[in-house]
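S.K.: In order, the protein sequences belong to chains U and V. Residue numbers for the first sequence follow our numbering, so the first one is 1 and each next one is one higher. Residue numbers for the second sequence follow our numbering, so the first one is 1001 and each next one is one higher.
None of these hints come from the bench; they were simulated from the model. If you're wondering where the values come from, they're calculated on a predicted model, not measured in any experiment. Any given hint might turn out to be false.
Estimated spans, in silico, between C-beta atoms of each pair [claimed, not checked]:
(1) V:V1052 with U:L152: 27 to 37 Å
(2) V:V1052 with U:P183: 25 to 35 Å
(3) U:A417 with V:V1075: 24 to 34 Å
Over the 12 Å line for every Cβ pair with chain U, so calculated as not near, a few chain V residues [said to hold, decoys possible]:
(4) N1042
(5) G1049
(6) Q1077
(7) S1087
Covered, in the sense of this in silico footprint (three residues per stretch, anywhere, with C-beta under 8 Å from a C-beta of chain U), are these stretches of chain V [said to hold, decoys possible]:
(8) 1027 to 1039
(9) 1058 to 1068
(10) 1078 to 1085
A virtual CB, placed ideally from N, CA and C, is assigned to each residue, including glycine.
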Amino acid sequence: MLFPTIEFAVFFAVVFPVTWLLNAHNTWKKVFLVAASYYFYAAWRPEFTLLLLVSSVFNYGAALLIDHFKYRAQRLTVLWIAVAANLGLLGYFKYYNFFAASLMNAFGAIGVKVDIGFIEVALPIAISFLTFHALSYIIDVYRRVIKPTTSLVDIMFYIGFFPHLIAGPIVRANKFLAQTVGPRDPANIRLGQSVFLILGGLFKKVIVANYLSTGFVDGVFRDPTANSSLDLIFGMYGYALVIYCDFSAYTDIAIGVANLLGYEFPQNFNYPYRAVSVQDFWRRWHMSLSSWLRDYLYIPLGGSKFGTWATYRNIMITMALGGLWHGASWAFLIWGCLHGTALVIERMLGITGDHTAAKRGRLATALGWLVTTQFVCLAWVFFRAPSTDAWLGYFATMFSGRNWSTSVTPFVAFIFALGALSHILPPRWFAALEQRYDEAPLLVKVLVPFVVIYLISVAAPAGIAPFIYFQF
Amino acid sequence: MKHTSPTEFEPPRSASAPRTAAIVIYATLALLAVTIPQSVVNWLADMNGNPVEDSALRGAEVMRNLSQRAGVATVYQRARDIFIAISGVEPD
Chain U
1 MLFPTIEFAV FFAVVFPVTW LLNAHNTWKK VFLVAASYYF YAAWRPEFTL
51 LLLVSSVFNY GAALLIDHFK YRAQRLTVLW IAVAANLGLL GYFKYYNFFA
101 ASLMNAFGAI GVKVDIGFIE VALPIAISFL TFHALSYIID VYRRVIKPTT
151 SLVDIMFYIG FFPHLIAGPI VRANKFLAQT VGPRDPANIR LGQSVFLILG
201 GLFKKVIVAN YLSTGFVDGV FRDPTANSSL DLIFGMYGYA LVIYCDFSAY
251 TDIAIGVANL LGYEFPQNFN YPYRAVSVQD FWRRWHMSLS SWLRDYLYIP
301 LGGSKFGTWA TYRNIMITMA LGGLWHGASW AFLIWGCLHG TALVIERMLG
351 ITGDHTAAKR GRLATALGWL VTTQFVCLAW VFFRAPSTDA WLGYFATMFS
401 GRNWSTSVTP FVAFIFALGA LSHILPPRWF AALEQRYDEA PLLVKVLVPF
451 VVIYLISVAA PAGIAPFIYF QF
Chain V
1001 MKHTSPTEFE PPRSASAPRT AAIVIYATLA LLAVTIPQSV VNWLADMNGN
1051 PVEDSALRGA EVMRNLSQRA GVATVYQRAR DIFIAISGVE PD
């Protein structure tokens, strides 16, 4: 079920009032929201709801067992088994074919024919995100950040809650489970903020991401060598806008929808293309993933505690695995390693810590922004290109400078500008809009979403493509 | 677009917020269903067709006819035609 559809509007029109009517009966409310979330997930492939259920029951039991044992070695053993089971499930569905093909190719290269076969099974949507949520829970229980819950419903709710289920944001177990202990305070609803997150998300996805993809970027990436150098440069920047507008749209809507139901999700994007270093970029892009990788991978590896080279190694491992998490292909691994290398180079050059203009000077900040933006956009080419040949051809043609004509239409240029506005407009404008909305009469509160959605519908393409991060 | 930090602006807190939100949600959906009724008809027509969906489809068709007669639905179609003419995107 996609957010920008009538199907979801009808679904939410039922879920919203029932949730608040059941608010005084917290357990029943959670049971209802679990049922609604499983229905939401089943709209894609009903059989995979079993995966949600099995993951919830398994991690519920594992957490209780970790808490049950007194000695660290016992707790650690259970944790490792639980982590291996979660990653094993993810690995089976997501990476088996990739590693099988890579292994067979490697043996083939030295003249040994090995056939370990492939599996033919659809990748369950959201498997990466539900694994992140499950791991966050069991690791936090192991670290004694939280006590394990004795309620299976709470874990089913945490892992399966429909706004974050498919593509995040990744909500930490301690933050979410604290919200499940009692009825939610209706005063927690921030109507203006939720409405503008949802409307902004619809605009970014339905208008900017869709038209920029179908009108230009998809064509450029389909056969890069058939395009001019200038179009490939525009395609690179275009994809940077597409992936931002697509992914941030999903999480903005998710945050808004969750808040209307009384739950708080963490912020996931903060003007990422305003970053003045790659480290700054990762503090602004997919913030719930980068902080997850920091807390559950980088720091357990040792973080920056064991000297310079160990820090560089830990950064590279974290970013390589972060890249590979996005998908089973060498291009994602290269993308992750590129970002890891950039982070290491920044550390070598001492570009860490405070990135503000006041500390670094205006020129250094401007230069930092310029270099970071070019690097991030170039790296996106690996992320988007469907094969090694495709990104090789993309870069070869782009840097050949052989043709400077362009197929960008005035409409596509206009959409480009709209996408860029998402980073140019100052945040205080959005805050002021939300404030005005919250203070406005009820009629205005109704007319604003109606007019915006009406205008989006007038300009919407005929079909809405799934969100890019659904595949991850 | 930024998810505004709660520290930047504290909206008025009200225990009746769910009621206000419900009015906004239902009124918005109702206005959209009246002004763009064809999309509801198309959505229901794509379903499998059990008795409930058939009844809903008949209801949506009645609403579409009323909306067209009142000239409300045609405003949307005209606006869309103008957008397609200006933007050059493929017609539906």
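S.K.: Against each hint, give a clear statement of whether it holds in the structure.
M.R.: We went through each hint and held it up to the structure:
| no. | hint | verdict |
| --- | --- | --- |
| 1 | V:V1052 with U:L152: 27 to 37 Å | 33 Å, holds |
| 2 | V:V1052 with U:P183: 25 to 35 Å | 32 Å, holds |
| 3 | U:A417 with V:V1075: 24 to 34 Å | 27 Å, holds |
| 4 | N1042 | 9 Å, violated |
| 5 | G1049 | 16 Å, holds |
| 6 | Q1077 | 10 Å, violated |
| 7 | S1087 | 5 Å, violated |
| 8 | 1027 to 1039 | holds (count 8) |
| 9 | 1058 to 1068 | violated (count 0) |
| 10 | 1078 to 1085 | holds (count 3) |
This entry does not satisfy hints 4, 6, 7, 9, going by the numbered hints stated previously.
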